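Peer 1: Sequence lines, in order, name chains A and B. Heads up: the first sequence begins at 1 in this note's numbering, then just goes up one per residue. Heads up: the second sequence begins at 1 in this note's numbering, then just goes up one per residue.
I should point out that these hints are in silico values taken from the structure, not numbers from a laboratory. Just so you know, not all the hints are guaranteed correct.
To be verified - So the derived label-pair ranges between C-beta atoms look like this: (1) A:T264 x B:Q164: 37 to 47 Å; (2) A:K55 x B:Q164: 56 to 66 Å; (3) B:I239 x A:G210: 49 to 59 Å.
As the list claims (entries may be wrong) - Some residues of chain B that are not near chain A, with every Cβ distance over 12 Å (derived): (4) L3; (5) L10; (6) M49; (7) H66; (8) T67; (9) H80; (10) T194; (11) I196; (12) R198; (13) H200; (14) I209; (15) M221; (16) E230; (17) E240; (18) G242; (19) S267.
Predicted model, so just to flag it, every value in this text is computed and none were measured. Quick reminder that beta carbons are idealized off the backbone N, C-alpha and C, glycines included.
What follows is each chain in one-letter form.
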Amino acid sequence: MVELLAPAGDLEKLKIAILYGANAVFIGGLRFSLRSRASNFTIEDIKEGCAFAHKHNAKVHVTCNIVMHEIDTEEILEYLKELEKAGVDAVIASSVTILKLVIENTTMAAHVSTQTSCTSQETIAYYQELGANRVVLARELTLDEIAEIKDKTNMELEVFIHGGMCVSYSGRCMLSNNMTNRDANRGGCAHSCRWCYNLYEGDERINPDGDYFAVSSKDLCAIEAIPRLLELGIDSFKIEGRMKSLHYIATIVKTYRTLIDDITMGRLQDFNIYKEMMSKAENRLTSTGFLLGQPTIEEQLYDLDMSIPNKDFVGIVLNYDEETKMATIEQRNHFVPNSSLEVFGPNHTAIISITKIYDKDHIALDAARHPRQIVYFYTDYPLEKDDLLRLN
Amino acid sequence: MKLICKLNNLNTLNELAPYIHGVLLEDIHQIEKVEALGLIPILMLDQMMFPKEVEEYENLILKIAHTSCLFYITDIGLGHLLKKLGLIERTIFDPKTMITNHLDAEIYASYGFHALGISNEITLKDYKAILEKTNIKAFYQVFGYRLMFTSRRKLVSLYSEKIQKLISLDNLSIEEATRLGEERYPIYEDQYGTKIYRNHLICLLKEIIDLPMEYAFLDDMLISSSSFKEIVSLFYSAIERGDISSLLERLDKLKLPISDGFSYKDSVYMKEEF
């Protein structure tokens with residue numbers, strides 16, 4: 001069965017990703033990880049995350065994918081040993097040193113990061129000879145190229161199916177570093193590829209006023225490609241976005257979980273149904289990237305403000321008392337009494353109406369307006385812990 | 001130390017030959033000419049290799065295996081292919097950003113590569129530390145515009161289609177419109193995709209004597225033939241004589257847009273956020 005691999009920026013997201021259908025999560029530790037602005041995990045967090053994941057038959061992969069400078073090379077083995085002790089299943093790395101240390105000194109699996117831009121069976125053969133267990137394929141590959149690679153290797157293959165795309169070959173981009181001194185290969189990417197550029201031929205500006213030359217790509221959404229990828233026997237489908245919100249992760253994971261299960265059970269629906277499910281999370285504009293062929297202008301992001309924000313996620317269920325019918329909610333966005341809410345849980349969805357909202361002293365509120373405020377309401381619908389609520 | 005040039009203008013080769021040791025070539029038909037001048041031909045295979053291209057690359061490599069040429073690659077997949085073909089000891093592997101410490105350098109060296117390209121993103125202090133701690137032969141760019149972005153997407157052609165205006169692929173540059181001011185970055189597109197270069201030249205003339213390396217690489221991209229001849233002459237003299245004070249004066253007269261890059265300035269890791 002294919003592994004659905006989700007990102008998690010903290011313990012809460014890790015748990016939600018697994019509850020909503022991920023078979024594995026990838027997280028960053030406090031060291032050697034590429035997303036320095038993601039809320040990375042301490043060793044204690046990793047330990048707790050692994051215990052939770054293993055209890056739910058899921059795995060934890062830890063990214064150690066920085067490009068190490070001389071100063072970074074100290075204590076890497078000790079750190080890997082700590083990860084192993086914490087129960088981590090796999091380490092994702094681009095440095096051949098880190099990969100070899102994992103292979104030769106631990107029981108964890110060694111996964112070759114997409115930062116290495118694996119674009120052919122020959123690249124995979126190199127890492128296989130090194131002893132790696134899995135390769136994350138480059139996002140520049142088409143479905144036909146992935147099929148050809150799959151045909152020529154017995155290495156485990158992981159393919160990105162959703163999320164942000166580097167427009168450069170991953171791991172080879174120095175735009176951010178040269179333009180801002182923030183090193184993308186050490187976790188400091190300033191996303192310079194998403195800035196606005198004027199294009200010149202000689203000294204003449206070519207782009208019309210206000211119509212900037214952009215190098216940025218729309219995000220990846222592989223819904224249409226999932227049937228073929230399943231058919232090819234790809235081992236893992238990866239969702240990008242360790243810095244994304246809890247609601248985003250729950251929504252995207254559940255959509256792909258539903259899609260994969262529907263295909264497996266022979267009940268695939270119209271792709272628009274899955275796209276509609278996904279649209280409830282905040283999203284940038286999406287495309288199929290390289291999967292269906294060389295990108296056209298439809299895959300490029302020229303209007304850089306065209307993201308689709310979403311404030312519909314209003315809270316997460318902490319508890320539901322079946323006797324009193326009272327739900328305890330942690331607020332995540334403003335909502336008011338007399339609202340219609342969609343309950344969005346790992347195993348169910350429903351529409352409910354709420355009339356009143358109360359605080360902890362049972363005083364009726366005119367709104368749940370404070371972030372992470374604990375509020376209460378009555379509903380006959382049996383809510384479950386970790387259900388998400390969004391405006392209907 | 002050997003001076004290696006990449007020449008967009010091959011007409012200058014005869015004049016430059018006495019001062020250089022080798023040439024990076026894109027065209028296999030130039031190999032004989034370079035050999036005849038007593039220089040090392042180095043074939044540039046600096047693209048990422050995709051599944052359908054493996055056979056094509058193999059045929060190309062076998063066709064010229066009998067020559068004295070070295071192979072310059074940036075994709076480890078090509079390295080694996082060259083190893084299978086018994087040519088790894090004639091291969092220079094330069095993954096651009098990936099070789100940034102002595103541990104990684106040692107592992108790649110143990111694979112059998114002839115030389116390794118050290119990352120442009122590290123300081124010269126780190127560069128020297130890697131060379132001191134290993135026995136590798138280094139390939140390092142000491143002059144020219146350094147590459148900072150490579151994409152498989154044909155970004156200029158796509159934009160041309162978007163604005164419905166024919167754009168010539170020659171002499172293009174981009175300028176960040178809202179943050180960075182009037183800095184122009186050369187941008188190129190070909191059948192393989194798009195490349196963007198730094199807006200300033202790197203020129204390690206005053207440092208060259210103290211930098212251990214097998215191959216010092218100079219690129220003539222966007223430099224006039226006369227200026228490039230002078231540059232090659234300056235580097236040759238620096239290596240031969242060691243005294244660079246008069247050479248630096250000659251360099252100043254060329255009024256080239258030079259900056260140090262990361263030679264003395266380490267990039268930001270943002271460790272404080274951990």
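Peer 1: It remains to establish, for every hint, whether it holds in the given structure.
Peer 2: Comparing the hints with the structure gives:
no.: 1; hint: A:T264 x B:Q164: 37 to 47 Å; in the structure: 45 Å, holds
no.: 2; hint: A:K55 x B:Q164: 56 to 66 Å; in the structure: 57 Å, holds
no.: 3; hint: B:I239 x A:G210: 49 to 59 Å; in the structure: 51 Å, holds
no.: 4; hint: L3; in the structure: 24 Å, holds
no.: 5; hint: L10; in the structure: 24 Å, holds
no.: 6; hint: M49; in the structure: 5 Å, violated
no.: 7; hint: H66; in the structure: 22 Å, holds
no.: 8; hint: T67; in the structure: 22 Å, holds
no.: 9; hint: H80; in the structure: 4 Å, violated
no.: 10; hint: T194; in the structure: 8 Å, violated
no.: 11; hint: I196; in the structure: 7 Å, violated
no.: 12; hint: R198; in the structure: 6 Å, violated
no.: 13; hint: H200; in the structure: 9 Å, violated
no.: 14; hint: I209; in the structure: 22 Å, holds
no.: 15; hint: M221; in the structure: 16 Å, holds
no.: 16; hint: E230; in the structure: 24 Å, holds
no.: 17; hint: E240; in the structure: 31 Å, holds
no.: 18; hint: G242; in the structure: 28 Å, holds
no.: 19; hint: S267; in the structure: 4 Å, violated
Hint compliance for this structure: hints 6, 9, 10, 11, 12, 13 and 19 are broken, all remaining hints hold.
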